[in-house]
Every structure is written in C-alpha cells, then in structure tokens.
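Given chain A, put chains B and C in place with the hints provided.
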Amino acid sequence: MLELRLVQGSLLKKVLEAIKDLVNDANFDCSSTGFSLQAMDSSHVALVALLLRSEGFEHYRCDRNISMGMNLNNMSKMLKCSGNDDIITIKADDGSDTVTFMFESPTQDKISDFEMKLMDIDSEHLGIPEAEYHAIVRMPSAEFAKICKDLASIGDTVVISVTKEGVKFSTRGDIGTANIVVRQNTTVDKPEEATIIEMNEPVSLTFALRYMNSFTKATPLSNTVTISLSSELPVVVEYKIAEMGYIRFYLAPKIEEDEDETKPQV
Amino acid sequence: MLELRLVQGSLLKKVLEAIKDLVNDANFDCSSTGFSLQAMDSSHVALVALLLRSEGFEHYRCDRNISMGMNLNNMSKMLKCSGNDDIITIKADDGSDTVTFMFESPTQDKISDFEMKLMDIDSEHLGIPEAEYHAIVRMPSAEFAKICKDLASIGDTVVISVTKEGVKFSTRGDIGTANIVVRQNTTVDKPEEATIIEMNEPVSLTFALRYMNSFTKATPLSNTVTISLSSELPVVVEYKIAEMGYIRFYLAPKIEEDEDETKPQV
Amino acid sequence: MLELRLVQGSLLKKVLEAIKDLVNDANFDCSSTGFSLQAMDSSHVALVALLLRSEGFEHYRCDRNISMGMNLNNMSKMLKCSGNDDIITIKADDGSDTVTFMFESPTQDKISDFEMKLMDIDSEHLGIPEAEYHAIVRMPSAEFAKICKDLASIGDTVVISVTKEGVKFSTRGDIGTANIVVRQNTTVDKPEEATIIEMNEPVSLTFALRYMNSFTKATPLSNTVTISLSSELPVVVEYKIAEMGYIRFYLAPKIEEDEDETKPQV
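Protein chains in written order, with this note's numbering: chain A, 178 to 443; chain B, 178 to 443; chain C, 178 to 443.
Among the clues, some could well be false.
Since copy identity is lost for identical chains, a pair holds within one copy or between any two.
To be verified - Simulated pairs of lysine to aspartate or glutamate, EDC-like, Cα-Cα distance not exceeding 20 Å:
id, residue 1, residue 2
1, LYS367, ASP286
2, LYS326, GLU194
3, LYS294, ASP351
4, LYS191, GLU281
5, LYS268, ASP299
Rather than coming from a laboratory, the hints here were simulated on the basis of the structure.
In isolation and in its complexed conformation, chain A is listed as follows (with noise of 0.2 Å):
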C-alpha cells in the first residue's frame, strides 16, 4: 500500500507544469526513500529527473516499492482541480492499477478524491554517476527564465560562456545577434538575488533554446537555479524543491559545425 501526504499540495501542482509539456507519459518510482521520476523527453533529446524526498511528507507510507505508470497530461488535469492550499494525498492499494489523488482544503469542508488509470510504460533508468563541472552558475531563476525567453525571439541556440567575471549568453538569428552578459555578484540584500559562479576553467557550450525554455517552466519551484556546465557532460539545470529534492533537467550541447540536435551522453 502506497500513502504519501504532502501539506503544501501546490508543490506537486508546480512540478507537473514544470515536465508536462516536456514528457507525456513516466513512471514515478516510490520507494521508502522517496518519490521520483527520470524520463526522456518525448523527442529524446533532454533527460528530467525529479526527487520529492520522503522526510519532505507530512506521512509517508510506501510498502514495497512500485513504479506507477502516468499520462503526466491526465496527471495534471487533476491536480488542477486542486485549490492553492490543500493538501494532496497520493493514495494506491497493492496490486491496482489505478491512483488515487485526495484533496482536502484547509478547512477540511471539501474532499475531493481524484482516480486516475496507470499504464504501463517501458523505461529503462539509465544511471548519472557524480561528475565534475568546469564551471557551476548558480542565478535568480526568473533571471534565468527572461534571458531563455528573450534570446529565443532572435535566435534557435545560446552559447553559454562562463568566466570568473561573469555568464555569458549569446544568440544570432536573422535580425542581427544579441549577448547578454550577468555578472557574479554576492553581496545583494536577498541571498536567492544572487549570481555566483565557481569555476575551474572557462567554458563556452552551445544549446538549443527550445530545450532551456522547456526547463524554465520549473522556474515556479525555486527562487533560484543551478547551471552545471562542462564541455565532455550534458548541462544540468536544476531547481531546488524547498527541503524536499529536486528536478533535474540534463542537455547535451550542440556539437560546433553540426547544427543538427544530438541526443545526450548521459
């Protein structure tokens, strides 16, 4: 039996919006360490991997580990009946091959329960060992999300350069080339308004656009974001989930020369 109760329900709303458009259908794997998700984009070029930890729920029960099967789409619809601040329950009995979503508002006057079928799905979880980065940005995720969007209404690719001064994003299309420059900066009032940059040596990767601004809906989840660069990796650009884990989104660069989109070494 699998009962999983999240106080702040809005979170797995946001977490949702942040993979639906880029996967259709995943398994969620629950296990007594947690609940996660690692799939491949229905192209199969950008890798996500989410993890909500267990010590993240109110109450957490998970007897055996399943993987259940989700059109991430039907998913979202429900949890979009939910208001801002119930609290979700994700529920499944041994053997179903349905879960069940509970809602229930603050003031425990509505309850709402949503069932939904699960599929089966093939998936293999392809292993990402531990690696090191040339260069780790961490930045305002708003920030992040504007300098995504605005590059893509000139160009198709970023060019991510980082040097000790600063990050660099650059973009060329028809109606002429834009570079965009944020500089490190720690001594701001709030600490999540702050670029910081460790690097070991400079890097300077290209990406397709339509990837970084499918990864920049996660921007709701966190304050800030995480870019992971290195020339022989995929980036990894990562949103904190507050106290809980993560959603990880990995993307190989585009090879110089070759314009066409290669699928990641992961």
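Chains B and C in isolation, oriented as in the chain A frame:
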C-alpha cells in the same frame, strides 16, 4: 413610455454576461412590477428566468406592459461600453422599434446614448409553479463554479448527491473518475462562506456539465448560489441579485440508462 | 559616431509599441537636435511623426546627421528584451550597417547588447506647416482610447463634433447607433483628468475608427491626448512625451457621401 434608471449599472452588464452565451435572442418583459426575462437556451434544454424588481431602480416608469425583443449579444456589446461606475437608464418610446441605453459617468462629464433596434421574437411564457424540493443546497458561488469547471476537465456529466452530511459532485471520463464532497458548514466567519443543506429526502441526480458551466457565468452577481433538487423536477440554480431579484436557471436531470440530453419538464 | 543614452529606457519600448502596428519599416533621423521619425502607415493613409529631443537624453552624441532604416517589428522584439528599469543606449558607428541597443540593469549586474541590421528605406520627408485649427480638444488619453474602442464595437467610422460645451463622438452600424458626449471640464482634482476645449468655430468631421484605434496604442506614453481639428486639414492626434517631445498622428477626414478612405492631404 419606458424609463428605468439603475444607479448600479454594472449589475446589468453582469446580467447580460450571465445569459448571453446561453440565449441568443429574448424578450425583456417590462411591467409596473419589474423588468424580467424568461427564455429557453438555443438548444431548448435549459431555461433562464430573470427578475429585476421595480423597487431596485432609482427611477422606474413603465406606462404600459411591453415586451422588447433583443439580441443579447448586441445588447451586451453596447452595455460593455458603459463604465463600471456608470448609471444606466433604459429608455423606449411607446410604439418605437428601438431601445436606448444611456450611460452617465459618476461625474456627469460623459453621457453616452446607445440606440439598438428591437426584434420580433415569438415566445411563450411558461408558468413555473412553486414546488417542494427534496433538497436545497446553498453554497459559495465561486466554490460551485470551480467544482463545475474542474469536473468538466474529467467528464461530461455531474452526479449531484445530497445527504444530511454534505453534497457530493461526481463525474467519470476517459482518464478516470472524480468525487468532490462539500460538507455542511454553518459556523463560518462570513455568512456567504457557509454551505447549508436543507434535506427532506436524499437525492442523486445527473446533469450535463456543459449547462452547469454556462449557469456559473452568473457567479459575479452573487456570493452564494442555491441549488434546489428534486427527482421529479428540473434542478433550479439560483443567483440572487441584491435587493432586486434573481437569475434562475432550470435544467432537467438526465435519465439513467439514457445518455441523451432531454428537455426540461417545466 | 552615434551614442544616445536614455535613462528611462521603458519610454523607447512604449514608443515602439505605439507605432509598430501602423508602420513596418521607417527611417529614424538623428541630428544634433534630436532623434526623430516621420513615416506613412503601410496603406499610405495615416502619418506618424515622432520627436525625442536631445535634451531628454542623459548622454547625446551625434557627430553627423544620419538616417537609420529599421524594421520596427524587429526593433520592438529587441527592445522587449530590456527590463522596465533598464537604461537603454542606442549606438552606431559611422558607416556601419548595424545599430546596437545596449540595456543596463539598474544595478549594472546585467548588460545586454542587441545588434540589428539596418535597412535602406526610400522616404521623403514631408514638411508639415504650422496651422490654425478650428478646434483643439485636450482630454484624458485613457478616456479617448476607451471611446474609440467602444465605438469600434458598433461601427467603422467616428464623427467628431466640437461645440463650446463639449465634444461628441458618434457612430452607426448594423446593430444601432452610439453618441458619446464628453463635456468641457476644467475643475478637476488632477490636471490630467481635465477636458479642455479651445474652439474658434464648430467643426464636425468623420474618421476611420481603425486608424484612431491604432493611434491610441500610444496611450501609455501620456495621460492626456490633444486632438486638433480643422475642416481643411488632417486631424492631429498628439501624445506628449514628458520633457522629450511627442508622437503625432495625422489622418485625413473622410469626405461625406464618399465612404472610401482617402489619403491625408498633409
């Protein structure tokens, strides 16, 4: 001669927004007692009844009973040109084939006259007898609107079941099922947030969500909605219009085993 | 070399929003006195004239007069990438076929350079003589915008009639007629809410609402609009740009009995 002056003109705008999607053309009936309308929706399934009592107008002159046929979409276009704080006066000369809507800004610095052609519309006025209902539910109108909208993302029909403890709204669709229970609750800070259930006997009836969602366009008119249910009668969904009257929507329940939409037996 | 630094960069964004739907491509003329533009709309019916005086810029360097042809839609795309509090600098090297828009965030932590290709655009500069008008109406720009929008839901043209008492805007369409009278009113709390009418002789002129509604895109630039009317001249609809200059729109009246759109006789 007809001259009806409504200080809170925005109320008339809201009335039109509430019914114009359901009804295309309708006769407004004007008598010494008030300004009213009764009309079937264009597919002849639901019935709307509006009453604005003469006492609610600052000035109310109606020399003889008249029935004015209007295209509600055109009337809505004109009313949308009024400011939210404008005073609206409805004027018609005896025997005229036009009606005039006059809008006065609060400062009287802007006066608008919109003249609309009247239409000849055949209509029969249905007598709606006072009836006993098995159950009457009064609840916050925004809550009811959210429930109807949420359920429509899952299924096409809603089963409304009333017991002493609460009212349950259920649906079923391709992606799963949904049950929303709202409990009786009379101990709230604000009376308009209460959910009050008067029940003579339990009742469970099925309705087309499409119509319910049309009815909830009247939500801006009132903080509360009253739903009167009986197994032998169309449901009545009523929005009171403060100190003036009401909008009531009537819809026949769907017969079990028969998924076709049936006409209301008013 | 050209370098124009505008502290209130959002103003340039608003200017582009005001004219980009009316004019596709235009020459911006830069001289020691200011940054200006004069262009016919794409159907050659209306004329736009923009002036931003050099004194309004924090830094203004223009070594020699130049005319820079720009696609306003592309320019708008780039300016939309600036933050609302950003300082915008327009830069061009002598003989270059590109222009650069530089955006500096208030904290200087984010610096963006957008480079756009210039175009060769044929244009003739029309001399617009100072003229005497029969009537000049100054009114709140939001009020004028609402009137033009409201009337366009009823008809295609607006008759603007000025008397000493006020200004009347009228239209006629399939669903009826509309008359909106705005009275002269100089005794208001805030000067920008006044409606002031200077009249030498009564005037009544007809204009295409489609163009009037395009002109009102400039509403965010100024709280007031000035409408100058004369039976022998195109109307001038002017929005002042605080301490810098103006946008003026010119449109020839429609001739009675002739419903075709006529070119302005500027």
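Against the structure, the hints come out as follows:
For the homomeric pair LYS367 and ASP286, the shortest alpha-carbon distance between copies (15 Å) is at most 20 Å, but the shortest distance inside one copy (38 Å) is not. For the homomeric pair LYS326 and GLU194, the shortest alpha-carbon distances inside one copy (17 Å) and between copies (19 Å) are both at most 20 Å. In this assembly of identical chains, LYS294 and ASP351 lie within 20 Å of each other by CA distance solely across copies; the values are 9 Å between and 47 Å within a copy. Taking the shortest Cα distances, LYS191 and GLU281 sit within 20 Å of each other inside one copy (17 Å), while across copies they are farther apart (32 Å).
For the homomeric pair LYS268 and ASP299, neither the shortest alpha-carbon distance inside one copy (22 Å) nor that between copies (56 Å) is at most 20 Å.
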